[in-house]
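So the sequences go chain by chain: Y, D, L and S.
Note that the UniProt record's numbering gives residue 337 to position 337 of the first sequence, counting from 1, and the numbers run on in steps of one.
Note that the UniProt record's numbering gives residue 231 to position 231 of the second sequence, counting from 1, and the numbers run on in steps of one.
Note that the UniProt record's numbering gives residue 228 to position 228 of the third sequence, counting from 1, and the numbers run on in steps of one.
Note that the UniProt record's numbering gives residue 82 to position 82 of the fourth sequence, counting from 1, and the numbers run on in steps of one.
To be clear, the hints were calculated from the coordinates, so they are not data collected in a lab.
Every residue gets a Cβ at the ideal spot worked out from N, C-alpha and C, and that includes glycine.
Treat the hints with care, as some may be off.
[Claimed, not checked] Below, a list of computed lysine-lysine pairs in the PhoX-like style, where the Cα atoms sit at most 25 Å apart:
1. K417(D) - K440(Y)
2. K378(S) - K440(S)
3. K417(Y) - K327(Y)
4. K332(Y) - K401(L)
5. K11(Y) - K440(D)
6. K440(L) - K417(L)
7. K327(Y) - K11(D)
8. K11(L) - K327(S)
9. K417(Y) - K440(D)
[Stated by the list, open to error] The following label-pair restraints were derived from C-beta to C-beta distances:
10. S408(D) - K138(S): 56 to 62 Å
11. D364(L) - Q6(D): 19 to 25 Å
12. D364(L) - N19(S): 23 to 29 Å
13. N19(S) - N161(D): 56 to 62 Å
14. A344(Y) - K401(L): 35 to 41 Å
15. L29(Y) - K138(S): 54 to 60 Å
16. E151(D) - Q147(L): 23 to 29 Å
17. N361(L) - P35(S): 38 to 44 Å
[Claimed, not checked] Over 10 Å on every C-beta distance to chain S, these chain D residues come out as not near it, computed from the model:
18. D25
19. L87
20. Q195
21. L277
22. F281
23. D288
24. P333
25. T379
26. Q385
27. P398
28. K401
29. Q436
Protein chains: 4
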Amino acid sequence: MKSPAQLSREKVLRDPIHNYIHVQDVIILDLINTPEFQRLRRIKQLGTTSFTFHGAEHSRFAHCLGVYEITRRLCEFFERNYPSQNLGDGLWDNSERLVALCAALLHDIGHGPYSHTFEHIFQTDHEAWTQRIITDEKTQINQILRQVSPEFPAQVASVINKTYPNPQVVQLISSQIDADRMDYLLRDAYYTGTQYGMFDLTRIMRVIRPDKIGIVFDVEGMHAVEDYIVSRFQMYQQVYFHPVSRGMEVVLTKLLQRAQFLYQNNSLSQTEMPHLLIPFFKNQVTVDDYLRLDDYLLNTYFNLWRDYPDPILRDLASRFLDRRPFKSITFKPDQHDLITQMQAWTQNSGFQAQFYTAINNSFDLPYDLYDPHAAEPKTQIELRQADGELLELSTISPIVKALSGRSSGDHRFYFPKEMFQNPLSNTFEADLSAFQAHIKNNALQ
Amino acid sequence: MKSPAQLSREKVLRDPIHNYIHVQDVIILDLINTPEFQRLRRIKQLGTTSFTFHGAEHSRFAHCLGVYEITRRLCEFFERNYPSQNLGDGLWDNSERLVALCAALLHDIGHGPYSHTFEHIFQTDHEAWTQRIITDEKTQINQILRQVSPEFPAQVASVINKTYPNPQVVQLISSQIDADRMDYLLRDAYYTGTQYGMFDLTRIMRVIRPDKIGIVFDVEGMHAVEDYIVSRFQMYQQVYFHPVSRGMEVVLTKLLQRAQFLYQNNSLSQTEMPHLLIPFFKNQVTVDDYLRLDDYLLNTYFNLWRDYPDPILRDLASRFLDRRPFKSITFKPDQHDLITQMQAWTQNSGFQAQFYTAINNSFDLPYDLYDPHAAEPKTQIELRQADGELLELSTISPIVKALSGRSSGDHRFYFPKEMFQNPLSNTFEADLSAFQAHIKNNALQ
Amino acid sequence: MKSPAQLSREKVLRDPIHNYIHVQDVIILDLINTPEFQRLRRIKQLGTTSFTFHGAEHSRFAHCLGVYEITRRLCEFFERNYPSQNLGDGLWDNSERLVALCAALLHDIGHGPYSHTFEHIFQTDHEAWTQRIITDEKTQINQILRQVSPEFPAQVASVINKTYPNPQVVQLISSQIDADRMDYLLRDAYYTGTQYGMFDLTRIMRVIRPDKIGIVFDVEGMHAVEDYIVSRFQMYQQVYFHPVSRGMEVVLTKLLQRAQFLYQNNSLSQTEMPHLLIPFFKNQVTVDDYLRLDDYLLNTYFNLWRDYPDPILRDLASRFLDRRPFKSITFKPDQHDLITQMQAWTQNSGFQAQFYTAINNSFDLPYDLYDPHAAEPKTQIELRQADGELLELSTISPIVKALSGRSSGDHRFYFPKEMFQNPLSNTFEADLSAFQAHIKNNALQ
Amino acid sequence: MKSPAQLSREKVLRDPIHNYIHVQDVIILDLINTPEFQRLRRIKQLGTTSFTFHGAEHSRFAHCLGVYEITRRLCEFFERNYPSQNLGDGLWDNSERLVALCAALLHDIGHGPYSHTFEHIFQTDHEAWTQRIITDEKTQINQILRQVSPEFPAQVASVINKTYPNPQVVQLISSQIDADRMDYLLRDAYYTGTQYGMFDLTRIMRVIRPDKIGIVFDVEGMHAVEDYIVSRFQMYQQVYFHPVSRGMEVVLTKLLQRAQFLYQNNSLSQTEMPHLLIPFFKNQVTVDDYLRLDDYLLNTYFNLWRDYPDPILRDLASRFLDRRPFKSITFKPDQHDLITQMQAWTQNSGFQAQFYTAINNSFDLPYDLYDPHAAEPKTQIELRQADGELLELSTISPIVKALSGRSSGDHRFYFPKEMFQNPLSNTFEADLSAFQAHIKNNALQ
């Protein structure tokens with residue numbers, strides 16, 4: 001591997017979370033300046049969340065810089081305090097720094113607009129796209145990475161894929177307490193204006209350390225780690241799973257499904273075609289197709305669709321652009337028959353149930369133990385005692401134990417706000433009444 | 001005027017600057033929910049500034065809510081402490097509250113995408129559009145305002161127009177120290193991650209008071225007002241006039257000018273037409289045309305233009321989307337001949353000077369005295385002594401005196417970064433050398 | 001009850017936590033200006049904690065103002081949103097405002113210097129003293145309160161005593177989530193420079209409400225309440241129970257015990273007498289005696305004791321003033337015999353065990369259910385659903401459930417740092433070796 | 001000079017301003033642990049200011065750590081970016097690091113309680129005492145410094161004395177923009193809860209650099225430096241010169257003068273003697289005498305004086321402890337005759353003018369040019385252009401120019417609040433009336 005060049009003078013980017021992002025390597029500056037990376041400026045970090053928390057309009061661009069910066073500081077801290085003396089001593093080998101920094105910077109390069117929703121409809125996967133963009137020889141990112149060595153792009157991709165041999169590097173970027181999560185919790189808390197995501201990053205960055213098994217934490221820092229777990233849990237419950245943002249997400253889903261439906265039924269004229277979406281409708285997407293997508297493009301199609309003849313497409317596009325979310329109630333998994341009934345009443349009231357109702361279940365696992373048989377085995381959080389022995393976090397934190405291995409979230413049924421109208425003044429009196437009679441305390445009865 | 005309805009329970013919106021935005025009136029909630037107001041979510045507050053300060057991706061939507069909230073708190077403070085007892089006593093008449101709140105909320109409703117640049121090219125004016133949107137009977141905003149009274153839209157528009165009879169209301173929304181400026185300074189400082197815009201809003205909101213001549217400040221608060229003036233000055237120098245953001249603004253200007261040029265020269269095929277921009281190219285714009293515009297639409301056109309045959313359009317579109325700003329040097333007003341020469345060398349080096357060079361002068365007047373003969377007479381800031389006598393701010397603050405009546409900013413000449421290339425390895429050796437020989441310490445020699 | 005006078009103009013005190021403390025009532029201003037309340041400036045809020053967190057030098061004075069301010073804002077919020085319409089409707093009766101404000105302001109008036117330590121040695125009790133100072137006719141506080149009505153002092157005292165009939169007032173000042181705790185968590189977090197104590201006060205102040213049973217919270221605010229419980233738990237574990245601060249507390253305890261011992265053994269000459277402490281040595285303390293005490297007085301005695309003939313008193317005084325804390329190890333309750341042995345080795349090494357070793361156990365109950373048979377029954381936290389039904393917090397929060405009814409803390413054995421010296425170079429070789437052999441990983445073996 | 005030992009593992013102290021104070025050298029840790037340095041915990045940073053801003057109870061201990069930390073970071077930044085290559089190149093010679101750190105840490109070691117007031121009365125000088133404590137062989141500080149080399153204490157003292165040969169080291173600790181001022185502005189702003197002292201430390205720490213003439217700043221950072229100058233100006237006007245804090249300072253002055261007066265007139269009995277103050281009354285002070293003094297001792301004497309027979313001493317002690325400041329009015333220098341008259345009326349109203357009235361003039365020079373003929377020549381602030389040329393700050397900043405060489409502050413006359421009483425109900429009717437008649441708008445007429 002060629003020794004990478006340093007900038008003659010460090011560059012800094014002002015950042016509200018980390019104060020300054022420090023760029024010291026030519027290659028990092030070059031990666032930031034690629035069209036692929038600049039595209040992230042046009043993709044919101046939190047999708048429809050800004051419809052609930054209007055301050056949260058930040059992009060994935062800023063987040064990626066933040067993950068890079070945390071990783072950079074951790075490498076510097078490791079190099080200063082835990083430099084490897086000989087192979088296999090479990091300490092930090094600074095020749096890993098560059099692959100860690102590149103993986104940190106690029107870990108979200110494969111995100112598209114409103115990823116969660118978009119991936120679900122069009123069967124794309126942002127992690128797979130991240131690896132593809134890194135390893136595809138036509139991207140500028142790939143070309144810059146290849147300057148380090150021919151294998152370097154694949155190495156960076158393997159960190160994201162978690163197959164890179166050094167577990168320290170993998171866990172810095174992707175584990176239950178990694179640079180990615182640490183940045184997004186602080187950043188999303190700052191931009192939403194809530195405080196749930198605040199935790200003591202400075203303290204965590206002092207108790208973190210490399211170890212043979214990967215990344216561990218000095219036991220004195222237990223409460224700082226515990227606090228981070230709780231912060232993440234709170235952000236999921238309070239911000240990421242907010243029912244109103246999900247109500248907008250449902251509108252978005254239905255809108256894209258309607259467009260796909262119209263395309264598949266040949267109901268769009270040539271001038272109405274959303275050309276840059278067609279590869280996705282057809283499920284034949286090149287890297288180039290993928291990189292054209294951003295929030296701006298989707299919203300511009302929605303803007304244009306306001307004029308299209310299809311009334312459902314027009315209506316859903318306006319609901320999205322004008323922020324008129326679907327409403328919701330919670331329900332229990334054993335109430336699925338009743339949901340079917342609710343959908344029928346909605347349909348009878350003039351709303352095609354396929355495009356005007358939805359089930360949205362949002363659950364997160366705040367913390368989990370390592371289980372080799374799990375679909376995605378988690379690296380558990382280990383605390384290191386004075387004599388080097390490790391303790392798994394939930395064995396000494398009752399709070400983490402309470403959250404461990406236990407999904408948190410809710411099941412929600414979404415429908416148009418109009419279903420709450422006064423039945424008596426309405427053509428669909430009986431159906432509206434039946435619908436409304438099954439709701440109490442915002443839950444399905 | 002019909003007494004406006006209160007919400008049965010106050011609604012709040014979380015805001016990073018003001019903690020909560022409090023909505024108490026039905027009409028305010030309805031205005032926020034109009035398509036015209038929701039459109040502001042799709043227009044960045046600071047245009048190209050986020051290319052320099054990546055955190056500053058906030059929209060005009062959030063700012064407008066902030067201006068509303070400051071105004072709401074001030075009305076509440078005035079009503080509690082300075083309620084008018086009889087006509088003409090110079091105290092606060094709370095029947096002015098609603099017009100003030102609506103004007104505050106809607107004061108930027110006429111902003112389009114990248115206003116500064118866009119207005120300059122297409123001769124639009126956001127203040128005129130604000131008034132037009134408020135008073136045009138087809139907008140939802142107008143319809144909601146008319147529920148108060150038939151004259152209410154015109155009254156709200158007249159506050160923005162500064163012709164509303166009550167000077168207190170006008171100055172709350174628009175003066176040298178108004179709710180607009182107070183919100184944007186704090187908000188832009190927060191989102192850029194700088195601290196220059198911070199000032200003591202809480203203190204100012206305690207020393208502000210109504211007076212016969214409009215809005216004045218208790219003299220004890222002089223230093224808080226002074227600090228605000230300095231903060232604003234600093235934000236202009238450090239953030240709003242940043243040479244790199246202006247380098248992106250220049251790219252944007254040239255890009256839109258090129259598109260207009262191609263349109264006017266009939267060089268665009270039918271499928272290439274940016275249909276929603278044509279009314280602007282033709283200078284025949286309806287309210288409906290205007291409200292279709294947003295940042296998303298413009299950037300999507302730029303995205304599409306990357307594929308168009310015209311090489312200049314393609315190149316400029318990529319420079320904008322991929323953030324490759326023009327570079328700049330400062331110059332003095334008497335160096336215009338030399339600028340012409342620099343443009344010639346640029347042209348000779350392969351860049352059409354019309355679309356690849358620009359002059360950009362940014363100046364602001366941090367504070368000014370009232371001058372009835374000025375083009376836009378300023379309401380000067382008055383401080384009230386214990387006995388009611390008023391003192392103009394700059395008479396007691398040497399700092400404000402130093403800034404008063406004196407424009408601050410610079411003259412810059414912009415050109416492609418390629419003009420900095422090594423001349424020796426280049427076809428355009430002589431011109432590049434001549435060009436570069438006239439630059440020293442980032443200034444024209 | 002006489003209607004209390006309002007100040008002609010509200011006064012404000014700048015406060016780093018609440019921005020401004022607003023004083024609106026003459027009686028509140030008068031109470032703040034009493035010598036008894038001003039004395040709180042001379043008593044640190046966190047005692048020996050500032051020896052660990054050097055930023056935490058704030059006084060009880062600031063905290064008491066903060067508790068007052070939170071209470072004031074809550075009363076205002078209740079009055080605006082939940083005004084009682086008729087007796088017994090469970091809503092807020094604003095005639096309770098003044099008693100609530102006075103109790104909030106005065107709830108800590110009975111604190112002495114280093115209360116925890118001091119009370120333990122001299123069998124005083126700050127809550128009893130608070131009531132005594134309020135009800136003793138000779139204090140200025142009592143005289144001011146009596147201006148409201150002859151019964152008013154007793155009413156205020158009964159709020160602190162929790163016997164006041166209105167449970168809303170009692171719980172505002174004293175419950176598992178009260179104005180006292182809310183202020184000290186935020187304030188101590190700010191001054192220590194940690195973030196563990198941060199929680200979302202603004203959100204809690206929107207979901208709190210009066211109810212027939214006292215104070216409850218809207219169920220939508222569950223996570224904000226949960227976050228507060230976790231913050232408090234974290235502050236106890238990370239800040240209040242810090243082993244080094246407790247090491248200073250132990251030095252302080254031993255120092256005061258030595259002084260008392262010398263007094264009781266008539267070993268102090270007349271000029272050496274700490275006159276203002278004698279009433280405490282004798283356990284005959286008047287209100288006047290009590291109010292002379294403050295941190296300044298104690299530390300000045302320590303300063304003087306540096307010159308006294310008794311070597312133990314001199315040594316302990318210097319250890320305290322020069323910040324040389326005792327060291328500690330954790331132990332398990334069943335290791336008491338071994339502790340006795342450790343004390344013997346310490347004694348053999350030249351340190352009188354009575355004055356140079358100590359056991360310090362610090363435990364807190366983060367949350368508990370109401371138990372009528374408990375020594376101090378807790379008012380549990382209730383969440384109110386849309387239909388008015390109440391849910392106890394731990395039934396819906398797994399985190400709170402994990403912390404509920406379960407004490408957290410540790411047992412520590414304290415001894416001089418000198419016990420860690422190298423035994424080989426030491427007269428007390430055998431005892432030091434034996435002592436040190438029983439310590440591993442900072443715990444007793 | 002012996003190469004100083006590094007700690008095996010860096011220690012950190014939590015700090016609200018700088019997050020962590022990093023201690024890396026054995027000698028720095030040892031200095032912090034001396035009794036002389038720990039004494040600074042018992043001396044408030046802002047003296048009587050906490051009577052106005054109740055949050056500002058922080059000590060000189062925390063400030064000294066902060067100055068040390070800023071200096072440490074600057075040395076690290078200089079070493080990384082501007083390491084000296086050969087003697088006299090004007091870059092940073094890292095062998096200066098330790099003397100800079102020690103001088104930073106110890107620069108305020110000679111402060112006594114309420115320095116400003118105390119020094120004025122007893123003709124002590126904290127800078128002289130700082131040097132004496134450092135160079136006196138009996139102090140622990142001196143003994144620790146001598147471990148580096150026999151000359152090291154004198155070198156550290158010469159930095160404080162500004163005679164140390166390297167101007168970079170001197171200016172880091174003491175200049176118009178030094179580590180001392182940078183820390184106290186931020187710290188005092190944080191603890192008072194005001195924002196005037198906030199400036200962009202991070203930015204300044206990026207543009208600062210060593211130069212042959214000392215410390216200079218990159219010209220790009222001009223506005224950050226300008227902002228710092230304005231912040232400092234604002235803190236003086238808004239916080240440090242607050243009339244109420246000065247009203248308490250006047251009470252303190254009079255109280256100490258009265259005690260000295262009684263001592264000099266042999267009016268104190270043996271048991272009443274404030275023994276530890278006698279050396280100051282006699283002006284025969286040893287280092288040991290000096291180091292016994294702290295805020296605690298003074299306030300304890302005041303506490304005891306409440307019982308002394310002298311009515312003036314008792315009264316002034318109570319005014320101070322109970323926070324009853326003298327009131328004030330501004331006056332102009334040419335009104336001295338009238339002041340004499342005001343004093344006479346005060347005397348006639350029952351208050352000995354010598355102990356109940358005072359003139360207090362507070363002025364600060366926000367910025368000044370270098371003037372070799374000045375009493376204390378200032379090192380002016382120089383900005384460095386790309387080509388190395390220096391520009392003096394006020395030549396390019398109109399704000400700094402406005403403040404340059406111009407003292408800001410006011411003249412105030414202080415007297416007891418009782419002089420504002422209603423004359424009609426008073427024995428001293430005529431004098432009170434005359435007194436009051438000369439006051440208008442809080443100024444002398």
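Inset, instruction - Decide if the proposed pair is consistent with the structure: K332(Y) and K401(L), CA atoms, cutoff 25 Å inclusive. - result: Between K332(Y) and K401(L) the Cα gap is close to 22 Å, so the pair holds against 25 Å.
Inset, instruction - Determine whether the non-interface label on K401(D) survives the test: each CB of chain S must be over 10 Å from its CB. - result: violated, 6 Å
Inset, instruction - May I ask you to check that Q385(D) keeps its beta-carbon over 10 Å from the closest beta-carbon of chain S? - result: violated, 6 Å
Inset, instruction - Check the following: the C-beta atoms of N19(S) and N161(D) are separated by a distance inside 56 to 62 Å. - result: violated, 49 Å
Inset, instruction - May I ask you to check that L277(D) keeps its beta-carbon over 10 Å from the closest beta-carbon of chain S? - result: L277(D) clear of chain S: closest Cβ-Cβ about 38 Å, beyond 10 Å.
Inset, instruction - Would you check whether the claim that D288(D) is not at the interface survives, using Cβ distances to chain S and the 10 Å cut-off? - result: holds, 44 Å
Legend entry - Pair hint K417(D) and K440(Y), alpha-carbon separation not exceeding 25 Å: Given that 25 Å is the threshold and the Cα spacing comes to 64 Å, the pair is violated.
Inset, instruction - Hey, is Q195(D) genuinely clear of chain S, shortest beta carbon separation above 10 Å? - result: At roughly 5 Å from the nearest Cβ of chain S, Q195(D) sits no farther out than 10 Å, so the non-interface label is violated.
Legend entry - Exclusion check [P333(D) not at the chain S interface, CB over 10 Å]: Correct as stated: the minimum Cβ-Cβ distance to chain S is 18 Å, above 10 Å.
Inset, instruction - Quick one: work out the minimum CB distance from D25(D) to chain S and report holds if it exceeds 10 Å, violated otherwise. - result: holds, 32 Å
Inset, instruction - With respect to the beta-carbon atoms only, verify the hint that D364(L) and Q6(D) lie 19 to 25 Å apart. - result: At roughly 44 Å between Cβ atoms, Q6(D) and D364(L) fall outside 19 to 25 Å, so the hint is violated.
Legend entry - Satisfaction of hint between K327(S) and K11(L), Cα-Cα up to 25 Å: The given pair, whose Cα atoms are some 17 Å apart, holds under the 25 Å limit.
Hint check: violations occur at hints 1, 2, 9, 11, 13, 16, 17, 20, 26, 27, 28; the rest are consistent with the structure.
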